[in-house]
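Undergrad: Sequence:
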Amino acid sequence: MCIAYQGGKEAAVKQRVGYIGLGLMGKPIARNLLKAGFPLTVHNRSRSAVDELVAEGADGANTPREVAEASDVVFTNLPDSPDVDMVVLGSKGILEGSRPGMIFVDNSTIKPETARRIATALGEVGVSALDAPVSGGDIGAQAGTLAIMVGGPREAFDAVLPIFQAVGKTITYVGESGAGQVAKACNQIMVA
1 MCIAYQGGKE AAVKQRVGYI GLGLMGKPIA RNLLKAGFPL TVHNRSRSAV DELVAEGADG
61 ANTPREVAEA SDVVFTNLPD SPDVDMVVLG SKGILEGSRP GMIFVDNSTI KPETARRIAT
121 ALGEVGVSAL DAPVSGGDIG AQAGTLAIMV GGPREAFDAV LPIFQAVGKT ITYVGESGAG
181 QVAKACNQIM VA
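Take the sequence shown: its letter number 94 is residue 94 in this note's numbering, and every next letter is one higher.
Just so you know, these hints were derived from the structure itself, not from any lab.
It is possible that some hints are incorrect.
What the hints assert, rightly or not - Simulated DEER-style distance windows between Cβ atoms: (1) I189 <-> N62: 14 to 24 Å; (2) I189 <-> E56: 16 to 26 Å; (3) G126 <-> E56: 16 to 26 Å.
Said to hold, decoys possible - The calculated lysine-lysine pairs, modelled on DSS-like cross-linking and capped at a C-alpha distance of 27 Å, are: (4) K169 <-> K111; (5) K111 <-> K92; (6) K169 <-> K14; (7) K35 <-> K14; (8) K111 <-> K14.
Ideal placement from N, C-alpha and C gives every residue a C-beta, glycine not left out.
Let the sequences and hints guide you as you build the complete structure.
TA: Here is the structure:
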């Protein structure tokens with residue numbers, strides 16, 4: 001079952017959000033989370049992007065683990081599957097700082113099998129994982145009008161929907177873990 005949400009940026013209980021990966025897409029997404037009033041902790045390999053967002057009101061972290069320790073929901077937006085693996089499962093990674101009830105959301109475009117494997121590893125410690133790749137480019141990221149295709153547990157999707165609405169215009173729940181990545185691949189083929 002697919003359920004799409006369009007438009008409205010509804011008021012929400014402000015969860016503590018972490019964002020890792022402040023590149024072309026990640027930095028404007030993080031900015032929109034700040035503008036929407038979410039308490040935000042950020043991390044990036046290069047410190048300049050972190051410092052820029054700290055100056056705008058975010059808290060900076062030195063490791064992905066520190067981001068997880070400070071957050072209810074942790075997002076990543078990274079170049080590829082190995083990067084997501086390292087940040088989530090590696091030394092000083094998200095898994096080390098996680099706790100039951102936390103939600104992990106990956107905005108990266110990665111292999112569906114990587115998304116499923118990470119969801120399984122996090123699920124073993126009580127963390128729900130959503131693969132939620134985005135479409136709309138840096139202009140959509142800046143404007144907060146991204147399309148977001150989400151796979152993973154429906155309860156986690158519902159809990160994170162107010163955060164998605166702060167950065168996206170069309171948010172579509174597409175099913176189980178890995179389904180967001182499959183939907184993104186189909187989207188890429190259709191627009192090519």
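Undergrad: Each hint should be assessed against the structure and marked as holding or not.
TA: A quick look at each hint next to the structure:
no.: 1; hint: I189 <-> N62: 14 to 24 Å; in the structure: 39 Å, violated
no.: 2; hint: I189 <-> E56: 16 to 26 Å; in the structure: 37 Å, violated
no.: 3; hint: G126 <-> E56: 16 to 26 Å; in the structure: 32 Å, violated
no.: 4; hint: K169 <-> K111; in the structure: 24 Å, holds
no.: 5; hint: K111 <-> K92; in the structure: 23 Å, holds
no.: 6; hint: K169 <-> K14; in the structure: 19 Å, holds
no.: 7; hint: K35 <-> K14; in the structure: 12 Å, holds
no.: 8; hint: K111 <-> K14; in the structure: 31 Å, violated
The structure is inconsistent with the numbered hints 1, 2, 3 and 8, although it conforms to all the rest.
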